[in-house]
Structure formats: structure tokens, C-alpha cells
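Hey, can you work out the whole structure from these sequences and the hints?
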Amino acid sequence: MVLATGLGSGLGAGTAGASSKTPKVVTGGSASYSLLPGDVFTWIIPIESQNAYEPYQTNVEDSTYLPLYWFGNGSRIGVNYKLSIGEPPVWSDGDKTVTVHMKSTYKWSTGAPVTSNDIKFFFELYQVGKSKIGNYLPGLLPDNVASVTYPNSTTFVMHLKRAYDPEWFEGNQMGWIYPLPVQAWDKTSLSATGSLSNSSTPAGAKAVFTFIFSQAKDRRTYSTNPMWKVVDGPFVIASYDAVTHAATFDRNAHYTGPTKPHLASYSVYSYTTATAELDALRSGKITFGYVPYSELTQVSYFKSHGFTIKAWPIFYDEVVEFSYTSKEWAPLSRQLYIRQALQHLITEHLYIQRTLGGFGLPDYGPVADYPHSSYVAPSLTKDPYPYSPSAASHLLSAHGWAKGSDGYLVCKRPGTGPHDCGKGIAKGRKLTFLFMYSTGTTAFFAEVSAFAAAAKKVGVDLRLDGQTTTTMYSIAGVCPTSPCKWGLAGYAGWFWNYGQYELLPVGEDEFGKGNYWGGGYYSPEAQKLIDAAETAPASQAKKALYRDETYLSKQVPSLWWPLQDWEVVAAKKNLSGWQQLNPYANYMPQTWYYTSSG
Amino acid sequence: MLAYLLRRMAQAVVVLLLVSIIVFLLLHAMPGGLVRAQLGPKASQFAVRELTIQEGLTKPLPVQYGIWLSNALQGNLGIAYKQSTPVATLLGEYFVRTLILAGAGLLLAMLLAVPLGLLQGGRRNSLLDYGMSGVFLTTYSMPYFLLGVAFIWIFSLKFNLLPSTATAFGQSFVTDVRVLTLPVVTLALGNAAYFSRYVRSSVIDNLAEDYVRTARAKGAARSRVLVRHVLRNSLLPFVSAVGLSMPTLVSGTLLVEVLFAYPGMALLFWDAQQSRTYPLLLGILLLVTGFVVIGNLLADLAYAALDPRIRYV
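Order-wise, the sequence lines are chains A and U. This note's numbering puts the first residue of the first sequence at 2, with every later residue one more than the last. This note's numbering puts the first residue of the second sequence at 140, with every later residue one more than the last.
One should not assume that every hint holds.
No farther apart than 20 Å at their CA atoms in a straight line, the calculated lysine to any residue pairs in the SDA-like style are these [as the list claims (entries may be wrong)]: (1) A:K133 / U:S223; (2) A:K218 / U:R146; (3) A:K286 / U:L300; (4) A:K486 / U:M169; (5) A:K555 / A:Q336.
Because the hints were derived from the structure by calculation, they are not lab data. Given the structure is predicted, the values throughout are model-derived calculations rather than measurements.
Have a look at this one:
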């Protein structure tokens, strides 16, 4: 981590040279932000439809609708209570009851206060519409809540069906809660006024939910629909182009939160390709954009043309999946020693330096250790299986693999003994994996090729199969019933992101029972530790989390892969306030401001 | 003529039906299906199951096609799930924009090709002819994306004269002209080079004809002979070339729209294939097929209009 940060700083220290004048903060002005290629802002409300459930959508929404709990404190992870509507929750009844006091200072742009009625409205809609909401998982919020009571206008109490680790529940469940403006939205037609009673019955709530979702799907009216003018966040939508998905947000003059925006407005732009974004950045259309990894040679150009360059590391996880459900490769994937041996062939620091230009972090478990925090077990700061072809060879030969005439390893000792190849591996079986990887980035291809070359040296045959990312979304993951033709699957720059919907890196979605993106990995021991991390009492929670993370790190359910930075930021030099980059990739325009010299 | 037209329309319907079946089968044969591609990587298995049922993907393929065809004949091409908009509505909007881009590109190409081809043909083997041939060969040899990138570098990045992307299209007429300039010129130049060669060759052939000699002998000025007599006859191969260039124009438009982020149908197609939005892909491909079929029909009709000897029965 230190190496990567140092490199990042060395490459990216974009602060201006010493100046005799202190730059003045300018109030007003407009900035423009570019989403990553292919990301498009198409959803305005903070309860997302299934196909709008993306972190970048949430980040845009969060500039207009505030979550109950805001995640990320500058560049530090965790709950930011200063920016949150809710005070720290109070747990009782053996961690089965959680009481939340809301700050009374927050108001909607109509002047109405943000109250527990807005939370009640959220739960009413969530309950009836959950099957259409992107982040819903059966058994989790709201299914794990027995009831919610509202003692007064600034308090609500959740009575849970079972005890949970408070930190897990707050980070991985309560982050989903957004107050919604009941007085403006609790209706079933635009001309009606909102009330507090339409959604109080399931049928009424369903009608309201259907209406709100239908309005949210009508992107042509984003800038004119009066519903979207009622916000509690620092900005309010001013214009939206349904074709290009470009949006402009004006400062919310009625915002009552702590970080009042300096900018008068900001715009969000989407580009299909990184090239189009780069051109827009160079021509001055974008104030806060990024330099694509394939164009890192242009970093010096941007530095000399009025831009600040800075790495944007994130609290995410990047892996290469094993297939545990493919008939052909599952027997190999299920052998721990094979997974460990392959992990010994990955040299993360070299990949970061050579292919990512230093803009990345080593990742040794379900999350990378950035920023350093108590959420990450100390064991995750060390590579559990450092690069060592000899260690890889030793592991494999100790389990009955020997090189055949073609130089590739074959199983000589089938069986299930401690020194045998393992269950389901026949004698003479070649140690081969079909490694499906997403095409389109030279950096990732270089990493994949280096890994395959290292594997070849020890006798492991990694057959590379490039596919588009879209294809891989469909066929990598848990194998469908149709032929599953991959043993390893790696995505360029696709991360397992933590953030507003998942704070604690327990790994329940990635590696827990019924996972999809863990390749179908399942281990009773891992599941026990995951469950323990979710339900441990507060006094035991950290230990449970660390046990879970450490176990997963050592078990290598997926190959740990270098985590590339979210982006290499290129921002206009006179734009400031953004430098404490949110580790959940939330760009937070309310912190931005222009400066003028002296 | 009416019988001919009716026959061609009937052929067009058969072609469209066949294309729809082929495309439908190909799309569904793509590995992995559309659900995960549409929902993205964060989608839970629960969400995947819900959308699979909603989209009718559990039904047998012929049944799915039948449902789609039945709806399509009633004007319902389905919903583009990602945009939450009827496909027909999207096609209507985006097709108009692509028509503007492709139409402007084609028009500019023709406006350049005809007079320049005529000029070259009339001054065959002159310095002007050689010079222009060299320029046209260069622009013809350059793929669209290379031409486009070169224009962006010069006009947007180096001299900041024109925008590098066309995302601002639709704001005002002045803005539209500015943002469309580079994409239109990119599309036009390669095609102009291609068309002008046809015009040039045809002019050269026609200049050797008896009627030209007769006109000159009667005292008609060279320019008048070229414009009033030779040009019309020289346009026949040019019209064929324009008709045959429709598929290339369509593919060129795709590249140009992606390069300049122009919000047209080609870019919509690009997004749709990335996200496996089957209804949208089907709708676009059928529309493009129809466009090509009609384009060829119009070319044939133009042929007849230009040459009275050609009559269809």
C-alpha cells in the first residue's frame, strides 16, 4: 500500500508550486464531471430499479437525495455522522432493536422538515416494491425487520427478527435507507398533492410505488417534473438530456446540511468511449475527468496544460474468479493447493507498476487495505502467497503433479489423500484452465498475459479466451445449465465495490452461500465465519470480521488481483475541494469550489 | 411501373421477414443471454430471475418470435429495458438524427463529387486532374475513424475551432451546425472520393460519344456541353454507386457516431449490443434493412428518371 501510494503521489502530486498568494475561494461557477465510459446517469430517485443499480447512479443521486447515513469521511472509510441525517444508532435488546434519532436541522427544498414520516414512507414503499428494487436480496432489508415504530418526528425504532452485529447492520443494511419526501411524493398522479396516508396500506403503497417508478422511468421530464424539485441534498436537477444523459444540477438554495456547495451548478456527462471523454477533457469541456489507463502517457500533457493529476484509490476488491460449478474445471478449482499455487504466480506489485503506471493497490483479500482502517484485518496487509514459482511448483508436485512430455503438469497420483491430486481429478488429467478475460484494455491484457506466462513456466496451462465484458457478465459467474466454458474469469477494471449499500467487507455477497460472482464458491467454514461476522455482538464484531477476512484471504476463493484505482483524475487546477477523494468513488460536488489567485 | 413497384414492395416484405428471423435467432444464440448483460454485474440472482420471467425468456424460441412478430405488426416493437422507453419511440427519435447525419454526409459527398468529378473528367490528365485524384485517393484510403480522429486533432484540440463531440446536438440550430460539421465532413470526404471517380470515368466515356461531337460542332460552348448534355448521362453510374453505398454509409455512420458521441441510431445500436437489449437490436436492424432496401429501390427509380430508355414493368 505504501509503495502504491508513494508511486501514486510521485506520479500524481498535482499541487501547484509554492505561490506567494493564497488562492481565494470563489463562490459560484459551474463545473462538469465525466462518468466512466459506458456509465450513464439514467435514474433520479435513491431507490433504484434493477437495471439502474450501479454505484455511479447512487453517487449522482446522492447529490440531490441524502441517505440516512453517509459513507466516507474525506478519504477515510466508515460512516460520516457529520454528513448523515441520522445520529449514531442506539442498540438494545441484545442487538435486536435499533433506535435512530434524526437531526432536526435537515429540510426539504419546500421548507418541510425531514422527519421520521419520510423514513416511514421509505419503508412502506420498499416493502411493497422490493422485488423491483435493485439492491434487494431475499432475507435482507426489509425482510429482516419485524416492525418499525415512530415514537416522534425525529425518531424511528427498528425491531429486527434476529440479532445482528451492529456495525454490519449499520454499514450493510442501514446504508440502504433514504428519507423520501412523503409530502410531495405520496400520491398517484402528478396533479395530486402528497399526503401522509396514501401509502399507509399495502395497496395504497403499491399504487404510490408504481406511480413513482413510472415517473422515474420518464427521463424526458427529469428537469420539469415537480417531484424531482423536492430534494434535501445540496443540488437539484436543472436540466437533463434524455438522449445523451447529460444532466445539470443547480445549487439547492434551501439546503440545510453542513457542507453547503460553493458551486452554482455542476453537470454530469456520459461518454461511450474513453477516447471521447479524453477529447472532451482536452478541449476544455470537462472540468473533472480522468485520463484513461491506455493514455497514461498523456499525463504530462495535462499537467502542463492546467490540470491537476491525482490517483483515486478506492475501498474495493478485484478478483479473478474460479469456476466451482463447471463440470470440467470445478474439480481443479475446489483444490485449495491449486488455488494457492496459482496465487503464488501473481506478482501484484509488478502489475501495478508496469501496467497501471502505479495507479493501483495490492489486494490480498475481500478488500484492499485502503485507506488503512479497522475494517481490514492486519493479515490483509501482507500477501498470503507472495510471488514464488518455486513455491507454486512445490505445492503442485507435493500433490502428485508432474510434467508431461509437453512440459505441462499432469496428475500422476489421483485420489483424495493429502498428497493426491484431489477428488474428481483423474490420472493423466492435465492442469489446464480456460482463462476467460474481458477484452478492451491493454493494461489488463498485459497482466493476464504475464500471469499465463508465469503459469506456463511451472507447467500450468492457462488458455486465454478474450470476450467482451457484456458476454462475461452473462456467462461468467455461476455456470448456467448450458455449457460452461471457463475455469477462470477476470474482468478489466470491474470491482466488487463497497460503499453506500455495503460498508463492511464481510464478503457475504461475493463468497457467501448462493453467490454468483464468486463462481459458486461455497465453504461451510467460510459461511460460518461470514454469518458470525454479520451477527457477532459489538464486543466480538471486529474479531469476527478479521477471522472472516483472514480465512477468505488464505482460502483464495478467487484469485486476488491488483486493484486499479477508480480513475486517474484530471481536474482543472483552479478547481479545488475535491482532493480528499471519497474511497467509495463518490465525487461529492458539494465540496468543490473554484479558486482565484490572491 | 405500378406492377414493378408492387413486386419490389412484396420482395421487401419477404426480405424483412427473413432478416427478422435470422437476427432473432442469432441474438438468442449469443452466449449468456440478455438478462445479466442488461442488469449489470451487481444484479442478484433474484433480480435475474425476475427479469427472465418478465421478458418471457423461459418460453420456447418460436413462441418468443411469434409474440414479437405479432406485437411488431401492431407497431409494438417492445420496450428498451435500459432506457425504459418503447423501442418504436427510440427508433423514431434516433433514426431522425442519424438520417440528418447520414443525409447531410451523403448530400455533401454528392455536392462535392459531381462538380469535382465533372471538372476532372473535363480536364482529364491535366495537373488539376492528377492533383485531385491524389487527394481523393488519400481520403478514400483513410478509414472513417482515422479521418475523424485527424479532424478532431486539428479542429478541436489544436485550434479549438469546433467541438470534438456532438453530445450538444439538439440545443439550437447554430449549435447543431457546429457539432455536426466534423462528423458530416468525416462521412462525406471518403464517399465524395468514391463517387467522384464514377462521375469522372463516366464523363470521360460520354465526352467520346457522338452527341457531344455534334453539340460542339453546332457551336455549343464546352461548359454548356458538359453541364447540359454530358452531366445527365454521366450520372447513371453515379446513381448506382450511391445506391450501392448505402450499407457502407450505414456502417460509416456507426463509426462516426461512436467517435463523435453523436446521439444517433448507430450509437444507440452500439449501446444496445453492449447491453444485449434484444428488442432494440431487432428494431434497429430491421429499420436499417428497410432503409437499405428502400434506398436501392429509390436508386433504381432515379435511374429510370435519368434515362428515359429505362422503363420498369
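Now the hints, each set against the structure:
no.: 1; hint: A:K133 / U:S223; in the structure: holds (14 Å)
no.: 2; hint: A:K218 / U:R146; in the structure: violated (43 Å)
no.: 3; hint: A:K286 / U:L300; in the structure: holds (13 Å)
no.: 4; hint: A:K486 / U:M169; in the structure: holds (14 Å)
no.: 5; hint: A:K555 / A:Q336; in the structure: holds (13 Å)
Violated hints amount to a single one, hint 2; each of the other numbered hints is respected by the structure.
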